[in-house]
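Starting from the known structure of chain A, fit chain B onto it as the hints suggest.
From first to last, the protein sequence lines are chains A and B.
For the first sequence, my numbering begins at 1 and goes up steadily by one.
For the second sequence, my numbering begins at 1 and goes up steadily by one.
None of these hints come from the bench; they were simulated from the model.
Mixed in with the good hints, there may be bad ones.
All copies of an identical chain are treated as equivalent in the list; a pair is satisfied when it fits inside any one copy or across any two copies.
Unchecked claim - In silico SDA-like links for lysine to any residue, alpha-carbon gap of 25 Å or less:
#, residue 1, residue 2
1, LYS352, THR120
2, LYS271, ASN318
3, LYS285, GLU339
4, LYS285, GLY341
2 protein chains.
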Amino acid sequence: MSKSSVKSDSCTLFSAIIMETFFNPSSVAIVGATEKSGSLPGIILKNILDIGYRGRIYPVNPKYKTVFGLPCFPSLLDIPDEVALTVIAIPAQSVLNVLEQQARKKIGHAIIISAGFRETGKEGIEMEEKLKQVALDNHIRILGPNCLGTMDNYAHFTTSFLPHERVSKPKKGAVSILSQSGAFAVAVLDLAAQEGLGIARMANYGNRIDVGESDLLPFLSDDENTRVVAIYMESVDHGLKFIEAATACSRKKPIVALKVGKGAAGIAAAKSHTGAIAGKYEIYKAAFIKAGIIETNGLEEFIDGVKALSMQNPPRGNKVLIVTNGGGFGVIAADHCTENGLDVPLPSPQLKEKLRGSFSGYYVVNNPIDLTGSASDNDYHIALRACMVESDEYDAAIVIPLMAPQGMTERVVDLISETMTASGKPAIICTVGGSFTTKVKLLFEDRNLPVYPSPERCVKALSMLLKRKRLKDHVMHP
Amino acid sequence: MSKSSVKSDSCTLFSAIIMETFFNPSSVAIVGATEKSGSLPGIILKNILDIGYRGRIYPVNPKYKTVFGLPCFPSLLDIPDEVALTVIAIPAQSVLNVLEQQARKKIGHAIIISAGFRETGKEGIEMEEKLKQVALDNHIRILGPNCLGTMDNYAHFTTSFLPHERVSKPKKGAVSILSQSGAFAVAVLDLAAQEGLGIARMANYGNRIDVGESDLLPFLSDDENTRVVAIYMESVDHGLKFIEAATACSRKKPIVALKVGKGAAGIAAAKSHTGAIAGKYEIYKAAFIKAGIIETNGLEEFIDGVKALSMQNPPRGNKVLIVTNGGGFGVIAADHCTENGLDVPLPSPQLKEKLRGSFSGYYVVNNPIDLTGSASDNDYHIALRACMVESDEYDAAIVIPLMAPQGMTERVVDLISETMTASGKPAIICTVGGSFTTKVKLLFEDRNLPVYPSPERCVKALSMLLKRKRLKDHVMHP
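So that you can see chain A by itself, here it is in the shape it has in the complex:
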């Protein structure tokens, strides 16, 4: 290891410890806390209580003695104990005053939820500059303003101000999200809950006057609960620092990014949205490759890639077997494999002969293997065992079990799962249909086999696993 990488590693480790307080604070003060419905600090406090946070909580509001049964303090300065983090969700004009109090109280971290800064023009920019100066002078690290803050499924902490009944909470899992956009972060959490995708931590930093992706990446890189990092960005906080942090992270775990603000219309929109100077897209594109980041185009590809990477390992090569009982779906998958640089080679004569011996004469023993509408669960086992376990002709499988025919039952899930586990190779599932199919989809995903509702998304997800392999090779041996 070279000197510079030792230095970089110790820097990032220090930074990682500082960042943890935003996700897992030992104590938190909620400025403006109230039981009044509709108030942001009130909803945040309620959400922190509901999620089961185990640290100390200090409501701060001169109007009350208690809030939700907790002792309430007139100001930050009146709290008798040390405080790790403040959550500030009060009108923009009052934030500076609170931050100055926080400086005197020596609280090192603030999540500023409040909007009404840079995104509203000149006056807002000036207010932001003042906040930055106070933070700099007093060693306060700030997440925000104009953000949702954090959500942590392991530390049981959240600063979300969205009511429960509107946004589902995803289960605990392997994916952590960094997002410049709050709405995007919320939508991803909600989709993750719907898709059965497990989430570790989320941070949304909005106007990003201090902490951004370059600070947060090293923390997630070292975080053992995070196995995949997912980033939404309109712009980057510090170009070189980000590339360095991302390269280090990519050596350990995949980073999936959605960069928006690409064309003229999108760049203008990003500027209006978070004041981001989106910059030349081509530069981002090159930087992502250099840092081993898997770039995606659009919300669905982003979620699909994250799901595949959190459930399956990359294949060692690009030789794909397609198995289906819906011939047309096999054809669509084959088309999209070609479009995505995946190879769909025919089985060898020996393998073909072996399969022929196990199947009805009208099954199509090529690639795709078409088990036809007469397929039963066990035919999937036979095909996958012969091609993926007992033979080494393929690197990955795309399995498309359509559940409409009578021969197909829920047993197919265990048969496919056990056979693919025995093969040690990745598989991606596509199945399309109504309520019975939905039930089967959930069973597959319980076994970490990611399911997609179209052959083209299934192929794209597999191509992202392969991309991870190639980008990892690239950052390990640049």
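Here is chain B on its own, set in the frame of chain A:
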């Protein structure tokens, strides 16, 4: 009108009448009908009874006197009345014999469900050739073999052999489907049911030894219940006849096509699947444009395009307004507009000033209009009324109401629907989220506003509406 087009119109009219019998027969004989579970003719008979078919039904089976309470006949020749259509779902080896009986009984239409023909090799091809000869000699029109046949939501007729509990039946509606693949047709029906997309008729012709898309298109073209035609094809039955029929149809209603078997892997897969010679994709591509067909890439784009075209009219131009309360989603939509040739122009200074007067200072009055997390339902009404009704600066709207913030309620559906109706311009909706969002999505689609779960699919759907406009202009004024 030129002479040749008069001739073509009368030909297609004649063909259309012949084709109707496959969807709406006055009477039907089910060969091999039985009450035994698992038997295809038995399930088909049960499905015909369940769907509420109102024509005469003749079970045919020498083993029974009655089947499901209906008098059963030993053979087709024993039926005392005229019969319009036979449904043949017995082993391949016995089909020829039945078709010869049908010839003697002078039944002019047969749907042959049975598999085990061309797709299984030389012997199967020979059997098909014999069927073709009998059909030709006796003026019998055949749909199939190796197919699901038809489903008609207006005539209440089906030849599906899939059990109800596995495949949902879509509601009656404006879309008719032609599909070479049975599994694809089933999946589309199931997805349509899930998406709230109304279906008129479906035909699947499998090995297509006689009737194919060129015969069926003129029927759907003249069918007043069909407003959008959706075609899945691996190959085409008769190139020139198809282009002529499609061009005539495109003058009246949109055709959306999914052509599969494009690259080497897909072409090989299509050949194994339905014996289709997929041919050079570039030729198809050119032919589709010539015939005004909207080509799509993959299952989802196909369904998405069909949904948009069945619910909204094409815009007159490509100037798009984006309105959202989730800034990041607006940026993604703007990016994808640029990718898809849609223009996202800023509002004029006058329009901007007007909007400024109605909104909070921190709402972003550009394009996208970002109503921020503070948006309420009525803000959508204000933005759309000013930009789409009272101004003529935009041709279409992409509306992205995220339902997580408290200011958003179900009322937003009627506000957007009424405003867009008043504008006379098309709108496409994107909303992303869990169960509350799903409820709102269904309300939008009840009002014929198509909803997509990502900004990129929303933009793509709008671009397909615009493509319809351009292709229609092209076939009307070639």
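Margin query: If the cut is 25 Å between Cα atoms, do LYS271 and ASN318 qualify within a copy, between copies, both or neither?
Written below: between (40 Å within a copy, 23 Å between copies)
Next item on the list: Can you give me the call for LYS352 and THR120, within, between, both or neither, at a CA distance of at most 25 Å?
Entry: between (66 Å within a copy, 15 Å between copies)
Next item on the list: Up to 25 Å between alpha-carbons, please classify LYS285 paired with GLY341: within, between, both or neither.
Entry: both (19 Å within a copy, 21 Å between copies)
Check: Under a CA distance limit of 25 Å, which applies to LYS285 and GLU339: within one copy, between copies, both, or neither?
Finding: both (20 Å within a copy, 16 Å between copies)
Hint compliance for this structure: every hint is met.
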